[in-house]
Amino acid sequence: MVERTVAVPESQQLEASTEGTRTQERYITPPVDIYEMPESLVVTADVPGVSQEDLEIRVDNNVLTIQGRAKHAVTDESTYREYELVNVFRQFELTDTVDQSKISADLKHGVLTLVLPKAEAAKPRQIPVRVS
Amino acid sequence: MAEWNPWTQLEQMRRELDRAIDGFTRRTEPFARVAFLPGRAARQYPMINLHDSGDAIKIEALAPGLDPESLEVSVVRNTLRIAGEKRRLMADIQPEAFHRRERATGKFVRTIELPTEIDANKVSADYTNGLLVITLPKEEQARPKQIAVKVE
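Residue numbers (the numbering used here), protein chains in the order written: chain A, 1 to 132; chain B, 133 to 284.
One or more hints might be untrue.
Unchecked claim - Below, a list of computed lysine-lysine pairs in the DSSO-like style, where the Cα atoms sit at most 30 Å apart:
{"hint": "1", "chain 1": "A", "residue 1": "Lys-71", "chain 2": "B", "residue 2": "Lys-282"}
{"hint": "2", "chain 1": "A", "residue 1": "Lys-108", "chain 2": "B", "residue 2": "Lys-190"}
{"hint": "3", "chain 1": "B", "residue 1": "Lys-282", "chain 2": "A", "residue 2": "Lys-108"}
{"hint": "4", "chain 1": "B", "residue 1": "Lys-190", "chain 2": "A", "residue 2": "Lys-71"}
Please keep in mind that the hints were generated in silico from the structure rather than gathered at the bench.
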């Protein structure tokens with residue numbers, strides 16, 4: 001899987017331009033683990049503060065996009081502050097080996113798990129050897 | 133005319149350096165602040181935000197992917213201790229199966245000294261979306277009291 005670096009998502013740019021005066025939103029790239037299973041690729045990403053409704057995962061033109069709006073659980077002004085929650089955005093380019101119609105996503109405790117099943121042609125196949 | 137004092141000069145230099153460093157960290161935001169990886173972050177884990185509402189202190193900790201079973205929150209007088217573990221993914225994955233490995237895992241413990249005494253019996257903690265929120269009601273004596281001013 002190849003990662004595509006896009007500074008600002010296109011859809012966001014469009015939104016921002018209609019508002020005119022607003023500055024571009026800030027994004028961070030969430031850290032991910034990607035590992036391969038015999039039948040699928042699994043992507044896990046840390047997305048703290050992003051709820052299910054605020055998380056958007058889409059596949060468009062072979063590009064997998066993870067975009068989320070992070071919200072603080074305590075919305076009142078902090079007296080002491082060590083971090084700020086920033087929206088997450090990351091894109092990956094998919095190859096033909098992934099069956100794009102069967103991608104599933106699961107969000108638990110601020111960790112997103114995406115399972116990308118491999119297309120039938122890319123699955124490992126055992127070829128029996130005949131002894132004659 | 134003032135006398136030349138090397139210590140004042142030094143102090144001035146130090147302040148200027150501090151300002152320069154301060155400016156630098158501000159410019160690299162948000163990246164300087166959003167290291168939520170245990171082990172890799174050069175600071176204490178988890179990072180917290182603290183809110184004081186007068187009657188209670190609310191702490192929000194940035195800790196995605198924790199095992200809720202491993203979470204331990206305890207209060208002794210004015211010291212809060214948070215301990216837990218961010219588990220690895222399934223243990224049976226071969227290292228060569230990984231294409232990317234950016235998330236760190238591990239055990240952590242952090243103690244936070246609070247500015248007031250806490251009513252330890254009423255402390256509550258809630259873990260949603262990778263954020264741990266701990267509500268710590270203050271001890272009765274520590275709460276702010278309104279004192280009426282009489283005008284005669």
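Consistency of the hints with the structure:
no.	hint	result
1	A:Lys-71 to B:Lys-282	violated, 45 Å
2	A:Lys-108 to B:Lys-190	holds, 23 Å
3	B:Lys-282 to A:Lys-108	violated, 56 Å
4	B:Lys-190 to A:Lys-71	holds, 16 Å
Going through the hint list in order, the structure does not satisfy hints 1, 3.
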